[in-house]
Structures are given as C-alpha cells and as structure tokens.
Amino acid sequence: MKGKTWLFWGGLIAAAGAVLFQTSYDVQDLEEKLAGLNRKIVTEQESIQVLRAEWSYLNDPAKLEELARAHLALQPTEARQFVALDSLPMRPAQAPDAVAAPAPLPGRGVNPALPASVVPVAASAPPVSGAATMATARLPAPAQPTQTVSAARVPAPAPKLSMDKALEKTPVIVPAALPVAPTVKTAPIKPTTLIPAAAKAPPAPPVAPAAAPATSAPAPQPVPAALPPGKMAPNAPIPPLNRPTDIANRPVPPTPSAAATAAKAQQPKATDSLGMLVARLGANR
Amino acid sequence: MTLPPLGLILHRAFAALTHRSKPSATAAMEQTRYRLMVTAAVVTTVFSAIGVKLVIATLFSHGGEPRQHHALELDSTTTNRADIIDRNGNLLATSLVTQSLYADPKLISRPDEAARKLVSALPELDYKEVYGKLSGEKRFVWLKRNLTPKQQYAVHRLGIPGMSFEREERRFYPAGNLTSHIVGFTGVDNNGLAGLEQGFSKKLNEDPATPLQLSIDLRLQHVLRKELIATIQEFRAIGAAGIVFDVRTGEVMAMTSLPDFDPQDPTGLNPETLFNRATLGVYEMGSTFKIFNSALALDSGKIRVTDTFDAAHPIKIGRFTINDYHNLRRALTVAEVFQHSSNLGSVRMAQVVGIAAQRAFMAKMGFTRPTALELPESGWPLVPNPWREVNSMTISFGHGISVSPMHTVAAAASVINGGVFHPPTILRRQPGAPIPGEQVVSRQTSDMMRRMFRFVVTEGTGKSAGVKGYVVGGKTGTADKQKGRHYQKNSRMSSFLGAFPMHDPRYIVYVLIDEPQATAKTYGYATGGWVAAPAVGRIIKQIGPLLDVPTVDESAPEILSATYLNAAGSTNWAQQPPNTPTAAAPNPPKGSTVASVPAPAKTR
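In order, the protein sequence lines correspond to chains A and B.
If you read the first sequence in numbering that gives the first Met the number 0, its first letter stands for residue 0, the second for the next number, and so on.
If you read the second sequence in numbering that gives the first Met the number 0, its first letter stands for residue 0, the second for the next number, and so on.
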C-alpha cells in the first residue's frame with residue numbers, strides 16, 4: 000500500500016517534470032524563432048529603406064527630364080492644352096442611336112456606378128478590339144435578352160473611322176480577355192458617353208467639327224491623362240514603350256549632343272544605379 | 000523538527016540535575032507546551048509565506064520571467080532618425096544602415112601585413128596612416144566609417160583578426176542639390192548642422208517613426224532651380240534665389256538659393272555655396288518695395304489710386320539727390336507710379352503718409368524681425384535706427400532697409416490675398432487645421448493692389464512675365480548693390496515678384512538674380528524686367544499645370560472686371576479708352592528668350 004502511494008506520487012512528479020521540461024524547450028524554441036524573425040524583419044526593413052532611397056534617387060526630376068527628353072516625344076503640358084469641362088459644347092443630339100442609348104443605360108444598373116473618368120476608357124476599349132469585324136464576331140456570343148438591342152446599335156458605332164484610325168497602331172488588346180460581361184455592358188455605353196472623348200468619336204457626321212478642336216486645342220479635361228485625341232495613346236502605348244524600357248538600349252540615348260553627353264557623364268546608368276548610390280554613400284569620409 | 004525533542008531532552012536533563020519536586024514538574028510541562036506552541040507558530044508562518052509566494056509566482060505572475068524577445072512593433076523603424084519627405088511623400092532625407100570598420104590593435108599581431116591587406120581591399124585608405132593606427136597602443140581605432148556592403152564583403156574576406164564592424168547610420172539625401180538649402184545636412188554622428196536637419200534635430204531623433212513632412216513640392220523645386228540656373232548662365236550672374244509661395248496658407252512650395260551644394264559632401268566645397276540667399280541673405284529690395292509703399296498709401300486712406308504726384312523734379316535731401324531711372328517729366332497717378340516704378344512718385348506718396356505710419360506699417364509687415372520660417376538660417380533685417388526723414392524717403396522705393404527675399408514674399412502675399420498676413424512655414428499645414436493669420440491691410444486695398452500688379456504685367460515694366468491663361472501680375476525690382484559706403488552702378492540685384500492668377504491670387508513666384516550682366520539680347524539692360532521677369536514667366540508656365548491652376552481667358556469680362564486698371568486709375572474696363580501710348584512702354588519682344596524646354600527637333 001505504502002509502495003503504491005510512493006509510486007503514484009513519484010509518477011506524478013516525473014510526469015509533471017517531463018511536461019515542464021518539454022514546455023520550457025518549446026518556449027525556448029519559439030523564442031529563438033521570434034528572435035530570428037525579428038532579425039529578418041529588421042534586415043528587410045533596412046533593405047526596404049535602401050530601395051526607397053534608391054527609388055527616390057533615380058526619380059530625381061532632373062534625371063527624369065533628361066530621360067524623357069532623350070526617349071519620349073512628349074513635351075511639358077502648356078496652358079492652351081487645358082480646357083474647362085463646362086466650356087465644351089454638348090454633342091448635338093441627332094443620331095437616333097444616340098437618343099435611344101440613354102434609356103438602356105440606367106436599366107443596366109452597372110454603368111451609372113462607373114466614375115465619369117472611367118467611362119470613356121471603358122467605352123473605348125471594346126471598339127479597339129472590335130473594329131467592325133470584332134464587334135460582329137463577339138456579339139453572337141453573349142446570349143442576353145438585350146442582345147437584339149445592342150446588335151442593332153453596334154453597327155452605328157462601327158463606322159467611327161477617326162477612332163479606328165487612331166487605334167490602328169494598337170492592334171488587338173482584348174478579344175479573348177474580354178469576357179461576356181464587358182461586351183454586354185459596354186455595347187450600350189458607347190453612344191451614351193457624352194463625355195468629351197466619346198463625343199467626337201462614334202458618329203461619322205460630328206467628326207468634322209469635333210476633330211478640328213481635337214487637333215488644335217485638345218484636352219477637354221484638366222486631367223492630362225484623359226486627353227481625348229491621344230486618349231488611346233496613353234491607354235495602349237505598347238510599341239513606343241518597348242524601345243525605351245529595354246534596359247540595354249538605355250545607356251545609349253538616340254540624340255547624344257555634346258552638352259547631353261557631358262551631362263550624361265555624371266548621370267548614372269540604369270544598370271549601375273546601385274553602384275552609383277553606393278559610390279555617393281562612400282564619398283564622404 | 001528536531002529542535003523540540005532536543006529541547007525536551009535538555010530540559011529533562013536539566014530537571015534531573017536540579018532534582019525538582021512535583022510542582023516543578025508541572026511547571027516544566029507548562030513550559031514545554033509553551034515552547035512547542037511558539038515553535039509551531041514559527042514553522043506555520045514560514046511555510047505559509049512560502050505557499051503564498053508559490054501561488055503568486057505560479058498563478059498571478061503571467062508566465063513567470065520576463066520574455067527575452069518581443070515581436071517588433073508594426074510601424075517601427077530600424078533607424079534612429081526620422082525621414083524628411085516633401086508634400087507628396089518623396090524622400091528628401093533618410094537614414095541608411097551601414098557598417099563601420101574598427102580595429103583593436105592589441106589583437107593584431109603583424110600590423111604591417113594587416114595594413115597592406117586592408118589597403119589592397121580598400122584602396123582609398125593610406126597605408127602609412129593605417130599602419131600607424133594598427134601599431135598604436137590604443138584598444139580602439141576607427142579605420143573607415145560607413146562601408147558599403149561590397150567593401151564590407153571584401154574586408155571580411157581578408158579575415159584579419161582584431162578587426163570588427165560596428166552598425167552605424169548614414170544620412171542620405173536622394174534629392175541631392177535640389178533641396179540642399181532647405182534640408183541641410185548632418186555631421187558624421189548624425190547631428191544636424193544646417194537647414195531643417197539642424198532646426199528639427201531633436202524632433203527627428205526623438206520620434207524616428209514619423210517622417211517630417213515639408214510643404215515643398217519636389218517638382219516645383221526642380222522647375223524653379225532649372226530656370227534659375229538657366230537665367231544665371233544667360234546673364235553670367237553670381238547667384239540667384241527663388242521662392243514659390245502659397246498666398247492662402249503661407250506654405251513655401253519651393254525655395255532655391257544658388258549656388259547650392261551637395262549635402263552628401265558639404266564640407267568639400269566653397270563655403271559661399273552654403274549661404275542661403277532666400278532666407279539668410281538680407282538685401283535692399285529696390286522697386287519691389289513699392290508694393291508696400293503703395294499698399295501703405297492706399298490703406299492709409301489719404302491717397303487714392305487716381306491721385307497724381309509730381310515725378311518731374313528730382314528731390315534733394317542733404318547730400319542726396321533722388322531721381323528716376325527713366326524720368327517721365329510729368330505728374331503721375333498712383334497707378335502710373337507703380338507701373339513705371341517711379342522713385343519720385345513713391346517718395347511723395349510716403350511724404351503724404353508720414354514717417355510714423357510708414358514705420359508702423361513696415362513693422363506690421365514683419366520687416367523688423369526674422370521671419371517665422373523654421374529654418375535656423377533666418378536673417379535679421381537691417382532697419383534704420385533712428386528712422387529719419389531721409390530713411391523714410393529711401394525706404395519708399397526700397398533702399399535703406401534690407402530684408403530677406405522670404406520677408407518680401409510673405410509680406411507681398413498678405414498684400415494681395417485679401418490682406419491677411421500668414422506667417423511663412425516650410426512644414427506642410429494639416430488640411431483642416433486653422434491657418435494663423437492677421438489682417439494687415441483692408442480688403443479694398445488688397446483688391447486695388449491686385450489690379451496694380453496686373454497692370455504692371457499688361458502695360459508696365461513686367462510684360463515679359465505674362466503667361467497666356469494664367470493672368471500673371473507682379474512687380475519688378477532693381478537695386479544697386481552697396482559695396483562699402485557707395486552704391487555700385489554696375490552691380491545690382493534684379494528681381495521680380497510675380498503672382499497668379501490675379502483675379503484670385505494663389506501663388507507667388509519670386510526670383511532674385513544677383514549681379515546679372517546685360518547681354519546683347521536685352522539691349523544692355525540687366526534690370527528686373529529684363530532678367531527676372533522672363534524667368535518668372537517661364538516658371539509659371541511650367542508650374543501652373545502642376546499646381547492645378549485653371550486656365551482662363553484673360554479678356555473674359557469677369558476676369559477683366561476683377562483685374563482691370565488703367566493709367567488714370569480707373570477700374571472700369573468697359574469704357575476703356577483707346578490706348579494712350581506712354582513714352583516708356585517698351586516693345587513686346589524683350590527680355591530673356593532662353594529656351595529651357597527646347598523643341599524636340601532642336602538639340603540642346
């Protein structure tokens with residue numbers, strides 16, 4: 000009897016001790032893991048800091064201007080390129096499809112939610128892919144009840160020549176990417192976008208009056224990104240962008256005049272940016 | 000436990016020795032019981048104390064010993080000094096972690112070999128110097144501070160015992176020269192030595208997690224600096240200062256002083272470059288001071304804009320003679336005095352107002368003490384004391400009192416923004432926070448001053464600052480520089496204080512060029528209208544879109560009704576008389592035509 004009691008208590012103590020040791024080692028393990036993680040976090044934060052510094056260094060406006068001048072055909076925006084939104088005339092309401100269009104728009108429920116600035120882009124995207132052939136090819140796909148309506152309307156946007164001309168250089172972005180929903184959504188939008196961009200694009204007749212201001216005094220919106228005539232260009236500038244983003248090309252800008260090369264000498268090349276940063280860091284003693 | 004029995008035994012032995020009788024035996028029993036009681040009490044106390052401590056230690060101490068490691072805070076930084084960022088969040092100054100190399104010479108057995116190896120890895124070190132350090136008697140010598148990771152790797156590879164690395168921080172300025180005078184720089188131990196690094200050194204160190212956000216916009220800063228550099232080169236000037244200022248909030252949007260310096264290496268250069276002309280330099284401002292003279296005159300109520308003053312006859316006072324740069328030889332209205340920048344007219348206006356009123360007004364404009372700007376480099380104005388009649392006369396056209404460009408800009412902002420003086424700041428004001436301000440001139444005066452500003456650009460000395468669509472107004476200034484006790488004829492400070500859009504002013508652009516030399520293009524002139532005004536025009540043209548200022552048609556009725564003023568002082572634009580050509584009106588193609596933004600076809 001006495002031996003059993005001893006055994007019981009002894010066993011209990013041994014078990015408690017074992018559990019205690021186990022827990023203690025577990026805790027130690029976790030502490031080590033935490034310390035490791037902390038170290039890693041600190042290292043990451045430090046390298047993030049370095050990257051942020053380098054990002055700011057490379058984004059120095061003077062450098063960007065130099066690069067932009069060397070690689071882009073863009074100029075600083077000027078006052079004449081800005082036009083107040085309310086100084087633009089509304090699109091004349093003549094085309095039947097344009098009149099019919101606003102009705103289905105609220106019914107959709109989707110379109111009103113789109114912000115004004117988004118609408119022209121969304122509206123213009125399908126025409127890009129579309130042209131005439133794409134529109135017809137895509138329309139059968141969505142078997143929606145409204146399909147007849149949109150099908151009736153699509154031929155009207157199809158002849159928008161000026162837009163297509165502008166978009167020729169940006170071939171097909173979408174066809175496969177655009178699912179059913181966008182086509183259904185966007186087809187009715189096209190005519191309804193009274194927003195400047197679309198206003199001059201769709202119908203053939205208004206093109207003439209609208210195109211004139213487009214060339215001479217573009218930019219109906221104060222936001223440069225929404226310039227309508229070049230609207231597609233910022234949207235899909237794939238061909239021009241390929242050239243400058245190619246890193247191998249960068250160190251040799253196309254127009255290295257005497258002054259430019261002199262300035263270039265101090266400019267860091269894109270490839271050795273970190274080296275440049277490092278050199279600056281080490282410059283001070 | 001053994002104690003009571005031992006006591007008992009001893010007691011019994013003691014009792015046996017003394018041969019006590021029966022009553023003594025009972026007494027002994029009593030005593031024994033008493034001792035037992037005491038012993039039990041002591042034991043109980045001790046054990047219960049241990050028990051209580053056990054309970055506290057196990058149940059109430061939340062896991063026993065303090066933990067060795069704690070998870071890092073979410074927003075903490077690894078550095079000990081806060082970043083400085085511009086109003087859009089671009090980094091202007093940050094701290095990077097680097098390693099510094101030190102050695103313990105006692106642990107280095109062969110200093111010559113160690114030094115040779117080290118110099119081979121770090122070629123910029125000097126062998127003799129390193130050898131001297133390594134063979135010394137000290138226990139600690141710095142070999143090189145702030146190594147790059149590559150260099151650290153190279154030193155590690157050498158495997159020299161006795162050399163170690165210490166983690167240090169290094170201040171880094173991604174914007175470089177662009178904001179050098181604003182941000183300043185730090186010493187090798189990261190203590191601020193100039194600019195905001197010095198002014199906010201304590202705050203940056205105390206709260207490293209929250210960056211210091213400035214009101215500076217890096218893009219504007221770049222445009223301003225670029226145009227100033229172009230102007231300096233064109234006119235072979237020795238320096239320049241420029242400020243872009245928000246008249247509604249008192250925020251400094253951009254501020255440049257040229258020549259500037261590289262904050263990474265501030266000591267290696269000419270100390271001249273450390274001088275901040277925009278805030279620390281005080282200069283006689285010349286004609287730009289006529290802004291304040293006119294505002295004072297109109298605000299006093301004694302003078303209306305249509306009043307005329309004699310500007311034909313030079314004024315003699317003491318040994319001085321005051322004359323005009325171009326004497327028109329006739330009486331001028333207040334508007335014309337401002338338009339042609341007539342010294343004589345200004346003096347006569349100041350005489351009407353009186354010395355005391357002028358002095359009080361200049362004090363109200365902040366010209367008697369340093370500006371509220373947070374930079375440690377804030378110059379004290381040079382104010383005449385006593386303020387005599389001759390001082391009053393010269394101050395009316397901007398001589399005899401020296402203030403910094405920042406003084407001028409902040410005061411001019413209050414003249415055109417509706418009359419409220421906002422103390423200038425270089426820190427971003429929190430949106431929604433109240434903006435401190437003090438009404439210094441009346442609304443009507445401010446409105447008239449806007450028209451006069453506009454008048455100078457439409458028909459006065461500042462035509463070349465005009466930018467279509469932005470309704471620019473402003474005032475030119477040309478001051479002869481004083482060398483010793485005399486004014487120099489051919490060294491001057493040319494400035495232009497421009498503001499836009501004048502129907503509802505939002506920004507002031509100020510440019511000051513130090514000692515410009517006239518060029519053939521400017522027909523031998525190096526005055527504010529020929530040198531600084533074109534620069535201001537180019538700057539406004541570029542920063543207008545960035546600042547989201549809507550462009551307007553300058554001949555629209557609502558704009559004209561807010562900005563129109565003619566030479567006679569009439570603000571009625573509708574019955575505008577046929578243009579009366581004045582003798583001094585120069586031809587439009589004037590001023591600098593330097594193209595800072597060349598057409599794509601042209602190579603620069």
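These are calculated hints, taken from the structure and not from any lab test.
The C-beta atom is built at its ideal place from N, Cα and C for all residues, glycine as well.
Just to be clear, a hint being listed does not mean it is correct.
[What the hints assert, rightly or not] Which bits of chain B does chain A cover? Going by a derived footprint, with three or more residues having C-beta under 8 Å, they are:
hint, segment
1, 172 to 184
2, 211 to 221
3, 331 to 345
4, 534 to 544
So, going through the hints one by one against the coordinates:
no.: 1; hint: 172 to 184; verdict: holds (count 4)
no.: 2; hint: 211 to 221; verdict: holds (count 4)
no.: 3; hint: 331 to 345; verdict: violated (count 0)
no.: 4; hint: 534 to 544; verdict: holds (count 4)
Figure legend: structure checked against the earlier numbered hints; the only hint not met is number 3.
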